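Colleague: This is what each chain is made of:
Protein chains: 2
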Amino acid sequence: MRLRAFPILVDGHWRPAGAAETFRAVNPATGEFLPGEYPISPWTDIAEALAAGARAASALAAIGPEPVARFLELFPKLLEGRKEELVATAHLETALPSEPRLGSVELPRLLDQLRQAAAACRDRSWCRATIDSKLNIRSMLGPLGGPVVIMGPNNFPFAYNALGGGDFASALAAGNPILAKSHPGHPSTTRIMAEAALEALDAAGLPSASVQLLYHFAPEDGLRLVSHPSVAAAAFTGSRLSGMALKEAADRAGKPIYLEMSSANPVFILPGAPAERPEEIAGELSQSCMLAGGQMCTKPGLVVILDDPAGRAFVNRVKSAFEGSEPVILLSPKVLEGLREASARLARDGAERIAGRREPSGPGFRFSPTLFTLSGTGFLRDPAAFQVESFGTFSLIVLAKDMAEMKEIASCLEGHLTGSVYSHSDGRDDREYDAIEPILRTKVGRLLNDKMPTGVAVSPAMNHGGPYPATGHPGFTAVGFPAAMFRFAALRCYDHVRADRLPPELKDVNPTGTMWRFVDGEWTQRSL
Amino acid sequence: MRLRAFPILVDGHWRPAGAAETFRAVNPATGEFLPGEYPISPWTDIAEALAAGARAASALAAIGPEPVARFLELFPKLLEGRKEELVATAHLETALPSEPRLGSVELPRLLDQLRQAAAACRDRSWCRATIDSKLNIRSMLGPLGGPVVIMGPNNFPFAYNALGGGDFASALAAGNPILAKSHPGHPSTTRIMAEAALEALDAAGLPSASVQLLYHFAPEDGLRLVSHPSVAAAAFTGSRLSGMALKEAADRAGKPIYLEMSSANPVFILPGAPAERPEEIAGELSQSCMLAGGQMCTKPGLVVILDDPAGRAFVNRVKSAFEGSEPVILLSPKVLEGLREASARLARDGAERIAGRREPSGPGFRFSPTLFTLSGTGFLRDPAAFQVESFGTFSLIVLAKDMAEMKEIASCLEGHLTGSVYSHSDGRDDREYDAIEPILRTKVGRLLNDKMPTGVAVSPAMNHGGPYPATGHPGFTAVGFPAAMFRFAALRCYDHVRADRLPPELKDVNPTGTMWRFVDGEWTQRSL
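Chains S and L are the protein sequences, given in the same order. The opening residue of the first sequence carries number 1 in my numbering; numbering runs sequentially from there. The opening residue of the second sequence carries number 1 in my numbering; numbering runs sequentially from there.
Source of the hints: derived by calculation from the structure; they are not laboratory data. Computed from a prediction, not measured in an experiment: that's the story for all the values here. Be aware that one or more of the hints could be misleading.
Note that the list lumps identical chains together, so a pair holds whenever it fits in one copy or between two copies.
Okay, derived cross-link-like pairs now, DSS-like style, lysine-lysine, Cα gap no bigger than 25 Å in a straight line [unchecked claim]: (1) Lys83 with Lys401; (2) Lys443 with Lys401; (3) Lys319 with Lys401; (4) Lys443 with Lys507; (5) Lys83 with Lys334; (6) Lys319 with Lys77; (7) Lys77 with Lys334; (8) Lys507 with Lys451; (9) Lys451 with Lys334; (10) Lys451 with Lys134; (11) Lys407 with Lys443; (12) Lys451 with Lys407.
Make a model of the complete structure from these sequences and hints.
Modeller: Here it is as structure tokens:
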């Protein structure tokens with residue numbers, strides 16, 4: 001068994017894992033195992049990667065950002081060259097549509113992210129070089145001094161892949177070596193990405209352990225890893241349960257960990273909106289819920305609308321859209337099981353299932369788009385229970401009896417990634433907006449108007465983050481350059497350090513001529 | 001007892017604590033209790049302050065930064081007017097010299113910090129407004145949406161006071177209401193500051209619970225407080241033991257907490273430095289250790305030098321300086337006990353006490369400046385034990401047998417606030433510097449050349465922070481505007497939000513005309 005398993009990538013080489021155990025990915029469309037045996041690494045593999053990663057951290061610090069930028073430019077080129085293979089493999093492993101999703105949406109997004117990371121790395125403005133010329137104190141953000149562990153989710157085999165996705169790109173662009181753990185749902189996709197990464201790494205002249213890959217390990221080894229003295233930080237995207245366990249382990253050891261755990265992405269529909277454009281909004285909501293089988297961290301899982309004629313008509317439209325939709329194929333039996341549990345829980349707690357009663361037939365992990373409704377009073381009986389994320393084509397519409405109740409529902413929200421407010425275009429809902437917005441604002445990372453939350457643009461102004469328990473810290477975003485890089489950086493001050501010993505970013509002469517620096521209270525591209 | 005105790009400041013009013021128990025501060029110079037009975041608040045006091053603080057958070061969000069800036073300007077004026085009373089009281093409670101320390105160093109620093117915070121608040125550039133005009137996504141840092149708990153240390157009754165010090169100023173300037181807990185060592189100083197704050201608060205038109213004060217509570221109530229759902233975040237400066245307990249409680253609840261816990265502030269003296277200017281450096285080191293009785297978070301507590309003739313001569317100079325110094329009066333019996341324990345521990349672990357053997361006579365908490373030496377081999381036998389902070393006039397000089405051992409010592413450091421390197425001015429130590437610096441750089445927040453770490457300038461480029469366990473997160477500083485404010489801010493993204501609903505900082509028109517914003521990849525003061 002062990003000899004037939006794919007090798008792991010440690011310290012610049014593909015070598016057999018020290019594994020007695022292996023796993024195989026499953027085709028969600030058929031429920032059958034895919035070929036390709038992958039190793040479950042024992043701690044010895046992890047320890048070796050950690051030691052190599054620590055050496056790579058020092059080596060990366062010595063060579064500066066240029067080789068990293070070259071890698072981040074070359075890597076997407078190589079991925080692009082293997083597009084066909086990547087899309088076919090990811091489709092087999094996730095059942096996500098090859099087109100447009102994988103080939104024309106997610107892969108381009110992945111490439112764009114890597115290129116934006118390369119640009120941020122080369123530009124150097126991200127490090128917020130700050131110079132106090134009078135006191136000769138200078139500071140900047142710099143790498144953390146050890147490998148960063150990245151654990152990616154199941155739902156974006158390209159864009160959030162532990163090897164190559166957003167966390168990878170931002171941690172590496174900030175100068176940290178990467179120790180990636182593949183999601184076990186798509187090991188072959190990850191392997192192809194790692195092959196391209198190794199080729200780019202050699203060509204760019206990066207230290208050999210700048211990018212390493214393990215496919216799987218025991219949960220307890222994951223806890224040990226994120227709290228290990230040699231680890232600089234970790235990033236995890238996935239379930240709240242796993243995230244909380246990792247957070248506890250990392251917190252105890254004083255290790256930064258960035259988590260994207262769960263979000264119901266509440267949508268508030270103010271009275272004028274369904275009166276003005278019911279069809280449009282119902283369409284947007286249904287489409288947003290269906291996207292990728294609802295397996296998006298920003299899927300609108302909680303909708304709040306008034307229990308008036310326009311509100312009830314709106315609910316009926318959404319119900320029809322859900323009922324008219326084909327069953328979706330989910331990523332894994334775990335996702336399917338989660339949705340079945342959520343359905344049972346909501347029904348037990350008094351919500352009414354108005355779409356998705358039928359269990360679909362066919363092989364694999366199929367699920368009928370499911371919609372629940374609930375009264376505001378019902379919601380307020382146990383607000384925590386009704387804002388749990390249900391990953392998949394699944395949403396809950398809460399019918400509030402009046403604006404006061406809607407406001408109270410907003411007050412009972414915990415932290416979420418996003419919050420949307422729909423209102424009449426002529427401003428007639430402005431008073432209601434002004435009542436809801438200040439409450440919602442402190443509960444979500446991204447506030448939207450007249451727009452569903454799915455579709456997270458890779459923009460410097462994006463916040464893909466939010467208050468706990470959506471993430472572990474309200475000040476950071478996982479998407480957008482340079483902001484996503486701030487997570488993987490330490491503040492480094494140089495006090496009275498001799499001029500020739502300063503890093504290039506803090507010397508009097510601007511090292512690129514265009515880098516932005518905060519000099520004596522002004523942002524400038526000039527040299528001192 | 002209860003009726004005679006000073007009242008607490010809750011929701012804009014001085015009112016009796018719900019306390020059965022009280023405490024009194026001690027004069028460290030005499031060891032005797034000072035007059036003035038202060039309450040130990042039960043949970044009901046805390047709960048009331050929390051509820052009022054939550055209301056104040058909403059009210060502050062509604063009125064914007066101008067009233068906060070007015071408060072931060074008026075408050076130092078009022079404090080200045082009460083200078084005599086403040087200095088006399090702080091001197092009684094801490095035994096720190098009235099002049100120059102309290103009256104001419106620390107109080108001016110406090111006032112300067114508050115004024116810098118006011119300027120940052122009014123300027124608004126701190127919020128890093130970021131605008132992507134093409135996608136109409138905009139983001140900024142904003143307040144956290146609840147009260148911030150501040151717990152200050154014993155060693156800076158003005159500049160780091162929970163009510164008025166650096167954490168207070170930065171959290172409030174970022175728009176958060178403050179729930180301060182006085183250090184029990186200086187309640188009367190804190191009370192005077194709170195009286196001035198309340199006067200400034202009323203005059204500036206701030207919500208009544210924007211600044212609240214409790215004097216003391218049980219440690220378990222502190223843990224409950226930092227993990228309470230209504231709390232937005234906490235800041236703590238103090239011992240590692242207390243800091244770790246608070247961190248664990250806050251982490252479990254997903255609440256951000258900023259800790260400044262302990263630091264040995266290693267100083268590396270490269271071979272050429274003691275050869276070139278032995279007297280100067282020995283003087284700087286001794287003075288830095290004596291400052292405020294060594295009760296500085298940046299006191300150099302660990303010095304590493306070569307065991308060669310120049311190194312040994314240097315040690316003798318420092319020994320003489322320590323021996324020639326008067327005993328100091330420490331802040332509390334706890335500090336004195338900590339130093340006695342540290343002395344016993346170091347002696348037991350094989351270090352040699354070369355100054356400070358005499359127990360000083362006289363009342364109060366007196367301690368003779370104490371210096372230990374140890375071989376590099378001795379240090380490397382248990383590196384963790386020899387870099388524990390010893391708060392007070394106390395330092396350890398490690399004599400390394402060669403540069404390889406010095407480098408190994410650097411490698412064994414954990415996170416500290418600062419690290420200094422002294423070298424010959426003609427560059428002859430540059431090779432040694434290049435060997436030590438990359439190692440030291442990842443272990444400390446602030447790196448110094450030819451300078452002792454005491455004296456933390458309030459500069460935008462300062463980092464008073466560092467890797468764990470010096471603090472809880474390597475990316476933040478507790479000193480310097482605007483950077484210290486970033487700790488108390490949430491990232492708030494506005495996606496497709498209607499123009500008239502945007503906060504002023506994100507509208508097309510620059511709200512001040514001079515605020516710096518990051519617009520389409522450029523830092524600019526222009527409007528869109």
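Colleague: Quick check: which numbered hints come out false for this structure?
Modeller: 1, 5, 6, 7 and 9
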